[in-house]
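213 is the number that numbering that gives the first Met the number 0 gives the last residue of the sequence shown; the numbers go up by one with no jumps.
Everything hinted at is true.
Below, in silico cross-link-like pairs of lysine to aspartate or glutamate (EDC-like), each with a Cα-Cα straight-line distance of 20 Å or less:
{"hint": "1", "residue 1": "Lys2", "residue 2": "Glu181"}
{"hint": "2", "residue 1": "Lys2", "residue 2": "Glu15"}
{"hint": "3", "residue 1": "Lys114", "residue 2": "Asp91"}
{"hint": "4", "residue 1": "Lys137", "residue 2": "Glu125"}
{"hint": "5", "residue 1": "Lys2", "residue 2": "Glu180"}
{"hint": "6", "residue 1": "Lys209", "residue 2": "Glu26"}
{"hint": "7", "residue 1": "Lys114", "residue 2": "Asp153"}
{"hint": "8", "residue 1": "Lys2", "residue 2": "Glu174"}
{"hint": "9", "residue 1": "Lys2", "residue 2": "Glu210"}
{"hint": "10", "residue 1": "Lys209", "residue 2": "Glu181"}
{"hint": "11", "residue 1": "Lys114", "residue 2": "Glu125"}
Computed Cβ-Cβ distance ranges for the label pairs, DEER-style:
{"hint": "12", "residue 1": "Ala170", "residue 2": "Thr123", "range": "24 to 34 Å"}
{"hint": "13", "residue 1": "Ala170", "residue 2": "Ala1", "range": "16 to 26 Å"}
{"hint": "14", "residue 1": "Glu135", "residue 2": "Glu180", "range": "29 to 39 Å"}
FYI, nobody ran anything at the bench for these hints, they're computed from the structure.
Backbone N, C-alpha and C fix where the C-beta goes; we use that ideal spot for every residue, glycine too.
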Amino acid sequence: MAKVSSFPHISSLEFETGCQHICTALERIKPHNGGLISADRLTHNGTHYLSIARALPTSETQAKELSSSEEMEVAIEDNDNESSHPKGHHLDAVVLYDVILSPSYQVPVLYFSIKDPSYRYPPTLENLYTYLIPPEFKSQAENAGVIGGITITDHPFTNSPVFFIHPCQTAAVLEACLGAEEATPVTYLLVWLGAVASCAGLSIPIDLAKELSR
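Can you build the whole structure from these sequences, using the hints too?
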């Protein structure tokens with residue numbers, strides 16, 4: 000696979016390629032145990048992005064347990080057409096993670112929120128730290144550490160209020176974790192998931208990393 004041409008930045012085509020390979024690999028391995036519900040490559044007005052849903056822990060204890068889990072059950076549907084967010088269990092709250100390429104920073108940006116039919120989990124700091132941020136990343140999130148800080152903004156596609164990790168530090172983090180000679184679109188996104196998205200409780204299964212490293 001070709002290397003990322005402008006590392007630590009990534010083009011829209013390279014980003015789409017990485018998302019496609021991740022979804023295909025997840026469909027092949029179907030990892031078990033954990034809270035991941037779906038991983039989809041979606042399209043909004045011609046822009047491709049990666050959307051992942053996982054079960055919401057129902058207590059702070061469960062949130063801590065999930066943050067250390069490395070294997071998750073996955074249901075995959077790769078959709079290249081205009082699509083809405085993947086659906087979770089009918090009556091259960093889920094955490095939605097949308098990975099969207101920033102046109103200005105040219106790095107992936109994570110937008111995430113709790114989708115709940117009963118509207119019990121609005122985007123507040125209390126809910127952020129209780130249900131979404133693993134304890135080991137709390138100080139970074141509070142002090143705008145290497146991940147760049149977490150704030151609330153409007154989702155670029157839905158206009159709904161969501162949390163997002165500001166991309167101002169993303170390029171530097173990727174440079175520190177990955178060499179340009181190793182940066183294919185797939186390894187780029189894997190490293191990004193491990194270094195940035197994990198701060199928001201989105202961990203990738205070990206089997207996925209192994210499958211994509213072949």
